[in-house]
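Q: Line by line, the protein sequences give chains A and B. Mapped onto the numbering used here, the consecutive letters of the first sequence carry residue numbers 13 to 339. Mapped onto the numbering used here, the consecutive letters of the second sequence carry residue numbers 13 to 339.
Watch out, some of these pointers could steer you wrong.
If several chains are the same, the list does not tell them apart, and a pair holds so long as it fits within one copy or across any two.
Straight-line C-alpha distance at most 27 Å; calculated BS3-like pairs for lysine-lysine [stated by the list, open to error]:
no. : residue 1 : residue 2
1   : LYS264    : LYS30
2   : LYS264    : LYS205
3   : LYS101    : LYS293
4   : LYS277    : LYS40
5   : LYS140    : LYS206
6   : LYS101    : LYS114
7   : LYS205    : LYS269
8   : LYS250    : LYS205
9   : LYS293    : LYS250
10  : LYS267    : LYS114
Hints listed in this document are in silico derivations from the structure and should not be mistaken for laboratory results. Predicted model, so just to flag it, every value in this text is computed and none were measured.
Number of protein chains: 2
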Amino acid sequence: MTTDYSAQYEEQIRILEKRFNELLDEQKPASLYEPCRYIITSGGKRLRPFLVLISAKAAGGEFNNAYNAAVAVELLHNFTLVHDDIMDKADLRRGRETVHIKYGLNPAILSGDNLVAIAYKNLILDCKRNTIDILNEFTNGLIEVCEGQSYDTDFETTESVTLDEYLLMIRKKTAVMAMMCCKVGALLATDDKKHIEALGDFGINLGMAFQIQDDLLDIMADQEKFGKKVGGDLVEGKKTFLYIRALEKADKADKEKLLEVTRNKGIDWNQVEEYRQLYIKLGVIDDAVSEIKKYTENALGSLNRLPASEAIETLKWLANALIKRAK
Amino acid sequence: MTTDYSAQYEEQIRILEKRFNELLDEQKPASLYEPCRYIITSGGKRLRPFLVLISAKAAGGEFNNAYNAAVAVELLHNFTLVHDDIMDKADLRRGRETVHIKYGLNPAILSGDNLVAIAYKNLILDCKRNTIDILNEFTNGLIEVCEGQSYDTDFETTESVTLDEYLLMIRKKTAVMAMMCCKVGALLATDDKKHIEALGDFGINLGMAFQIQDDLLDIMADQEKFGKKVGGDLVEGKKTFLYIRALEKADKADKEKLLEVTRNKGIDWNQVEEYRQLYIKLGVIDDAVSEIKKYTENALGSLNRLPASEAIETLKWLANALIKRAK
């Protein structure tokens, strides 16, 4: 009998969506809670809450003891989206207007703040053991995501960013949050430090793979399936894994070409294909693929430190599904 | 022998200031931690952390077990200042540039977010008992302050705000935070629910008195001692206790005069004296004084539900000192 992991994931997402729909119902003032509801019911992969749930199960627990914590990490994630979209001056998110465009700057700041608070409120509901550790992990996730976003903003005005600096930034901005989800799930279910650490290692490596995959998809995705225009990172002049690695490998002429991207704060859409060919020529697409593979293998490897179970198989499926994703 | 309460307060403030100075030292990135340091070392009354400390003592505990929690509530308070100043478009705070003016919008949003996270981090350090209750109180304080700020913003564009609506707003925006400080202090020190509630009641009533006193000082303060120009609330067109109460009591002609304040989104500095005389004539200054007295007496009364101690005397001194303050 083969387990349909995808169906298992979809089922949990349905349960979570129902919770998100009911979570902030009837709360006042509307000026605060409507923007909160708007963002939290706007979909998304719901990967982070699923990581909490499945990690709890992999550590010997039950989904039922982890739903509030799962909701909490998604609220925290949505807080970062609302505030990051303000800072990045983004107009669209998941095909809809961003919160600050739809409701204005002040409600966007305030509803982001409120999402953090409601996240803690929900997290606390599930804290029956390891409470201090759970709260420290969650809080550390929040601190590192702030630090990561600051580094990301700094990079916009830093002339040369090294690959190590970039990797530290995505670790803080993305990977620590995935680690936190896995550790919180584990801490809800077990006191076994080795199992908690193993799931944390899975999460951080998965997060790193996920983010580099994000950079890669932005330029190599199938336009039909991607959901937004391919090449946006170059158009915005963002310093991605591919861009930084390309600068490292380029000769003088190619380097000049690459530096134009940041000097002009981005390129035109019609130049995307040219830069894509340059990335391919310099071998940085292959570099990204092997980096993603390395982190994914590390993630899968850390699961061997846990007892075999269906939940572990689900985590393996998830890691493999993420590197095959089209958007 | 009389205790010098003022000296006791000053001593604790010195200890707290030292902590604030050392708290974020050497942390990176500077783009995130420098704005955090800037606001947290910019002075202020440090009332909230003092409430935590003295409440812990009044509930039978020691200052030494409450310093991290005291730091936490001040960090949370400073987060509200940073984000509120953005929303209120305020240029100055404590005689210095506000964070968003000095560092820009994005660092101000992000350092505010980070202050919340560091607040939780510090709070957790002192959680040796009643952990869930402490975290719920703290989190509820954060939620209500967001709700209060939303109501406050709503009021700017609401034609008629009732006194009850106003009192609910300041309860959420100011008084719940003072209650939280007292309850957190108590929860660190005792499991006695009656004592915890009594200190909470002290805090919420003190907070209400404090905020109405704030409204009163804004128009009735001694200009020499006040530190900023008297009448700012009228100039900004804010709906304060005095303004809303005046509207309730005014006849048709006075009402027209009062409505000009909000219709024109504020008055000129040279009209302040005229409106001050109107407030006096309508008796709303007296109304505010008796409202402050009522809340202060309620605060003092709730202390009778706790065993007599020097800490209780300090709380009484504090409540009386606050209603006599000049700024």
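Q: Give a verdict on every hint.
A: Outcome of the hint check:
no., hint, in the structure
1, LYS264 x LYS30, "neither (55 Å within a copy, 52 Å between copies)"
2, LYS264 x LYS205, "neither (50 Å within a copy, 72 Å between copies)"
3, LYS101 x LYS293, "neither (33 Å within a copy, 50 Å between copies)"
4, LYS277 x LYS40, "between (42 Å within a copy, 26 Å between copies)"
5, LYS140 x LYS206, "both (20 Å within a copy, 25 Å between copies)"
6, LYS101 x LYS114, "both (13 Å within a copy, 20 Å between copies)"
7, LYS205 x LYS269, "neither (50 Å within a copy, 69 Å between copies)"
8, LYS250 x LYS205, "neither (39 Å within a copy, 55 Å between copies)"
9, LYS293 x LYS250, "within (20 Å within a copy, 63 Å between copies)"
10, LYS267 x LYS114, "neither (40 Å within a copy, 36 Å between copies)"
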